[in-house]
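Peer 1: In case you want the letters, here they are:
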Amino acid sequence: MDANTLGLMAAGFVHVFSLMNMGMMILGVTIGIVVGCMPGLSAAMGVALLLPLTFGMKPETGLIMLGAIYCGAIFGGSISAILIHTPGTPASAATAIDGYQLTLKGKAGKALGTACTASFFGGLLSCISLYFFAPALAQLAMKFGSPEYFWLALFGLTIIAGVTSGSMVKGLMSGAFGLVLSTIGMDPMEGVERYMFGIDALYNGINVTCAMIGLFSMSQVFILIEKAIKERGNVIDFEDSVFLKAKELAQIFPHVIRSWLIGNIIGILPGAGASIACFLGYDTAKKFSKRKDEFGKGSIEGVAASEAANNAVTGGSLIPTLTLGIPGESVTAVLMGGLIIQGLQPGPELFTKYADMTYTFFAGFVITQFFMLLIGLGGCRLFAHISRLSDAILIPCVFVLCVVGSFAINNSFVEVGIMFLFGFFGYLMRKLDLNTAAVVLALILGPIGERGLRRSLTLSSNDISILFSTPICWILIALCILSSFSPLLMKVLRKRKKTEEAG
Amino acid sequence: MKRTDLYICIFMYLFCAFFQHETGKFPEGARHYPYFVIGLLFLLTTVRLWDMAQQYMKDRCVVNDVPETFKGFLPKQFWTMFGAFLGFFVLMYFFGFYLASLVYILFCLHYFKIPKKHVVLVLIVMLALTYFTFGWFLNVPLPKGEILGEFL
Amino acid sequence: MKKMIAVAGSLMLAAAVLMTGCGGGGGDKKAADAGKEWKPTKDVKVIIAYKAGSGTDTGARLLLNNSKPYVGQTMVIENKPGADGKIGWTELTKAKPDGYTIGFINLPTYTTLAIQPNAPFDDKSIVPICNHLTETGVVVVKKDAKWKTLKELVADAQAKPGELKASTNGVKASNHTAAQLLAQSAKFQYKAVPYGGTADQLLALRQGEVDFSCAKVADIAKLVNGDKAELRVLGLFAEKRDPLLKDVPTLGELGYYNKWYGSARALVAPKGTPENIIKFYETAMKKTMEDPKVKEAHQKAGMATDYKDSKALGALIAEQMDFCKNVVTKLYDK
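Residue numbers (this note's numbering), protein chains in the order written: chain V, 12 to 514; chain D, 22 to 173; chain P, -3 to 330.
Next comes chain V alone, as it looks inside the complex:
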């Protein structure tokens, strides 16, 4: 890192302070949060739909706005996940697990505050790697081939054990059930239709967002309508304080750091993305936490880990997008489209010829995080009161949002039908102790794993050794083993520690 580059970085911070840039940041974050907390409107869709607005702006201003929408939307997804068990985007699916439990305890404010603070740190820390390690980390994206994706997906699936509370076999069954469902759609290698029954909308498989809205939100509606309506307006110990105490900050801090690293790396890998990162972050936090038993019952650590991880993806996925022209996830793919329309080609030129613009954008990305924290904390105090609404009001509202959200994915009624079906299934699953999060996870990871595995085998003419051919493969295999056996390992370690203490 030479003085010249540092100078350019500093200049970026000078350039970013213009009225237009600041205005776009505030606007972008606000739009992002709203888009994010609406189920069905994903971050990618928000950015894509607002992309034309930026055509007439200066490149850096346009990018800053899109970046702000991106960050805002990823955070915004957690708001509805926490308040009404309706993750606004798949990236907040893991947040719903503990966030909603906190809401039920009257601690919605705390949960939202945790999510906002963790998102802020995740996003801010991800800027560090964006600034200083971009070229080096970008090489990771180039090293990830088909076999590596197979192992990554498998590693992701080992989390199922982590999100399962109760019977392990039933959790794994839910995962396998999801895997079978993930094979619906066009066969990626042979091009034949699988289990589509003439429904063209299933061509690209079951839409994950749609299934998620069904399994998380619609099922929640069913759960609410089966029992006597609860008036929650009078929860006695309702707390709307969104600020975390020093002790709580210290409690979530290690999880935020771990989630940052996880989110950043996942963000860099093309095709993975925030929805996987949040689960990985959540699971890792659970494994390392001193209060494991709180997880699944309303742990701020779980909320923080999941939210820090998905916001750390933002900076991470910008790295390969800008340096190599390989978008890390669907949002940055759209962002790259915006870049190209501005006449900027992703690649080394962005850091030489257009360094001014690039570093102004980076600086804007950093400042955006602060706006997100401010707007987020301010808004959360208000949003928290939604949790006091009577179930009778929540039922029609959440249902209508589920319908709009699933319709908006592809502008079609078929998705609404699929959502409803998954909703009913999700309701029964939750009643019978099966795991809906495992199904969502399998739907996300199944196709990645299948493509990785089958493509590897095609490349090697069915020689299985290709799956063990690179160092990254071995690292991922080690992670899979570690992740599957860590509960056992931890138990042994703890026992030994105890005996040592006793002795």
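FYI, nobody ran anything at the bench for these hints, they're computed from the structure.
Some clues are possibly wrong.
Unchecked claim - No farther apart than 30 Å at their CA atoms in a straight line, the calculated lysine-lysine pairs in the DSSO-like style are these:
1) Lys69(V) / Lys291(P)
2) Lys442(V) / Lys134(D)
3) Lys120(P) / Lys156(P)
4) Lys120(P) / Lys218(P)
5) Lys154(V) / Lys144(P)
6) Lys142(P) / Lys236(P)
7) Lys46(D) / Lys116(V)
8) Lys35(P) / Lys165(D)
We have chain V; now place chains D and P onto it with these hints.
Peer 2: Only chains D and P this time, still in chain V's reference frame:
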């Protein structure tokens, strides 16, 4: 051994059998992977069944946990609401999203006996929220309805 | 309400639209005086069969965002993605032919779907308006690959039948067809590995997972120029060389497939749309595409506009239909 677990296992076996049958129609190359995941589900279900069988050998009884699981279940409310959902779909298909949600939300809030003041508030907030984010700002078209759409 | 979008947009854009709007308005008035001519009086729906943010969508938005002065109404894009275009195009072809629903089609994808048994539409279900973009197919390898020319690649592939691997953007997708065209005309065997999309397909080539790949000029433009170029173009699926790729021979020159192959994105209306409506959009789009601002925007984005009027586009669609029926189906026979 719980009765609901038995139901789950039966469902999973049926699910496997159905997908297994469908997979048979695919060309050779496309069969392996589906067979693999179906096999996985089959295996796990069998493991579960084995666990249950062992439990049964120990206790010699099947616990009927259906009443326990659905404790506090209000059939009338549940099915009325379920019907309202379907009614909403039909309304939305023919008369468009906004009208359908208006009627639907009104019905629900009336059914739950929510005070009038709140009803108006909820309606305004919900319709404004969807209209501004979807219709106005993002320009995502919401269903206009088969009948009303003609006139718009 | 949709007009508000423009207001919510940047001031600059709004000002520009207003300014050109005044200029264009005068001309339209004169045209209206001539009688008979049709003009939209409300927003026009434009169906895009791919999701928001995709290549087709971005290109379309670039064009339609600037078309207001010439069309007089806002063109509202409606994304109807799914089934590789089939869902959106089915809706487009079934829409009311009143001039308020038009859409973009991609060739040859549209014709590929149209010739399939039980296809919900065919080449007669649409009326051509005009062509927007054309992209020619190319053969690419990694910059540091041992093959310096297409001849060398073909010779190597012939020596080791079935050993060279090519990434494609999907089973029987456009770039797979290109690879098949090359392989059949140059008489070699290779292994096609589908990656489900052009971006992933090229990434696999850059990573070295596969040996060569067929893609479109615009997709690889940024990867073959400059001192950090990663890929090398070996051949062009065209009848004559591209001025931007002067050193690249066409496949015909080398004795392989000697016709143009590539993709085109065009505006069409549903069957039954009256002549005067087609005429209106044809002229409006021509004017839009000739607008210096639009031209510059396309250039900046690296998209080569290629205006073809309704008749020329009709001929192209017919030709592609023929090509899909007679050539493509045979390519995949084993």
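Peer 1: Are the hints correct? Go through all of them and say.
Peer 2: Now for the hints, and whether the structure bears them out:
1. Restraint check for Lys69(V) and Lys291(P): the C-alpha separation of about 18 Å stays at or below 30 Å, so the hint holds.
2. Distance check on the hinted pair: Lys442(V) and Lys134(D) sit about 27 Å apart at the alpha-carbon level, within 30 Å; holds.
3. With a C-alpha separation of about 44 Å, the suggested pairing of Lys120(P) with Lys156(P) is violated against the 30 Å cut-off.
4. Annotation: proposed proximity of Lys120(P) to Lys218(P) is violated, straight-line Cα distance about 37 Å (limit 30 Å).
5. About 25 Å separates the Cα atoms of Lys154(V) and Lys144(P), which keeps this hinted pair within 30 Å; it holds.
6. For the hint linking Lys142(P) to Lys236(P), the alpha-carbon distance of about 26 Å falls within 30 Å, and the restraint holds.
7. Restraint check: the Cα-Cα separation between Lys46(D) and Lys116(V) comes to about 51 Å, which exceeds 30 Å; the hinted pair is violated.
8. With a CA separation close to 24 Å, the supplied pair Lys35(P) and Lys165(D) stays within the 30 Å bound.
In summary, the structure is inconsistent with hints 3, 4 and 7 from the numbered list given earlier, while agreeing with the others.
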